[in-house]
Amino acid sequence: MDPADLTVRRATYRRFVELGRAPTPAEVAAVVGAGEVEVRAAWRRLHDAHALVLDEAGDIRMANPFAAQPTDFRVDAGGRSWYANCAWDAFGIGAALHVDSEFDTHCADCGEALHVRVRDGHPDDTTLVFHVLVPAAQWWNDIGFT
Amino acid sequence: MLLFRSEAHVERWLGDRPRGAIIPVTKLAELATAWWGDRLSPAWVPHTREQNQGILDGLGLTDPFWRFG
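Residue numbers (the numbering used here), protein chains in the order written: chain A, 73 to 218; chain B, 944 to 1012.
Keep in mind the hints are simulated off the structure, nothing from the lab. It is possible that part of the hints are untrue.
So the derived label-pair ranges between C-beta atoms look like this [stated by the list, open to error]: (1) E184(A) <-> G958(B): 17 to 25 Å; (2) E950(B) <-> P142(A): 22 to 30 Å; (3) G105(A) <-> A986(B): 14 to 22 Å; (4) D981(B) <-> S153(A): 21 to 29 Å; (5) G151(A) <-> P1007(B): 36 to 44 Å; (6) E90(A) <-> R962(B): 39 to 47 Å.
So, partial list: chain A residues that the calculated Cβ filter (under 10 Å) puts toward chain B [to be verified]: (7) M73; (8) R82; (9) Y85; (10) T199; (11) V204.
Cβ coordinates follow ideal geometry from the N, Cα and C atoms, glycine included.
Let the sequences and hints guide you as you build the complete structure.
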């Protein structure tokens, strides 16, 4: 992967963490000293390499584990909040930040509200289960569905 | 990639649809640590398929469901 694209990726993630939302091309361009067109081109290459996920408009949809749009996984970690793309990513935000975290979601079946606290990587409620519908070999066929 | 109160809730939610893979939330937490732990590292580069497979294998997720290819 091109080092310049990795620089754009690092800036994108850094701004996502700082802002609590997906950055705009201008916000990333200001960090890396490039133009918005160059940032969007780098994002497209990173998307093609599965290093982040763009929406149809070319804006950030996922900088995994962070989600650009509201989801059923609201994560608090280190005094800030983000949305995660799925249950795996909900644990992933604390893991990526190397801090304790907690998140709210619901049992996908019965709708029971679930509040999970994660301390030193361990969830406080150990009775829950995680279900993956799509086999690993097909995860990137439709990452949104996965 | 959802959380459920129990395996019985997964089965009820699935109905007639084929079951995927179910793991305890404790295993999911381990998986998240191994998978996402380097995501914000300045030295991060994309994981290779072999690296990702190694993470799954290392956690005992060796069923064909967890194979990348």
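Hint-by-hint comparison with the structure:
1. E184(A) <-> G958(B): 17 to 25 Å: Holds, at about 19 Å.
2. E950(B) <-> P142(A): 22 to 30 Å: holds, 28 Å
3. G105(A) <-> A986(B): 14 to 22 Å: Since G105(A) and A986(B) have Cβ atoms about 21 Å apart, the given range 14 to 22 Å holds.
4. D981(B) <-> S153(A): 21 to 29 Å: Distance hint for D981(B), S153(A) holds at roughly 22 Å.
5. G151(A) <-> P1007(B): 36 to 44 Å: holds, 42 Å
6. E90(A) <-> R962(B): 39 to 47 Å: holds, 40 Å
7. M73: holds, 6 Å
8. R82: holds, 6 Å
9. Y85: holds, 6 Å
10. T199: holds, 7 Å
11. V204: holds, 5 Å
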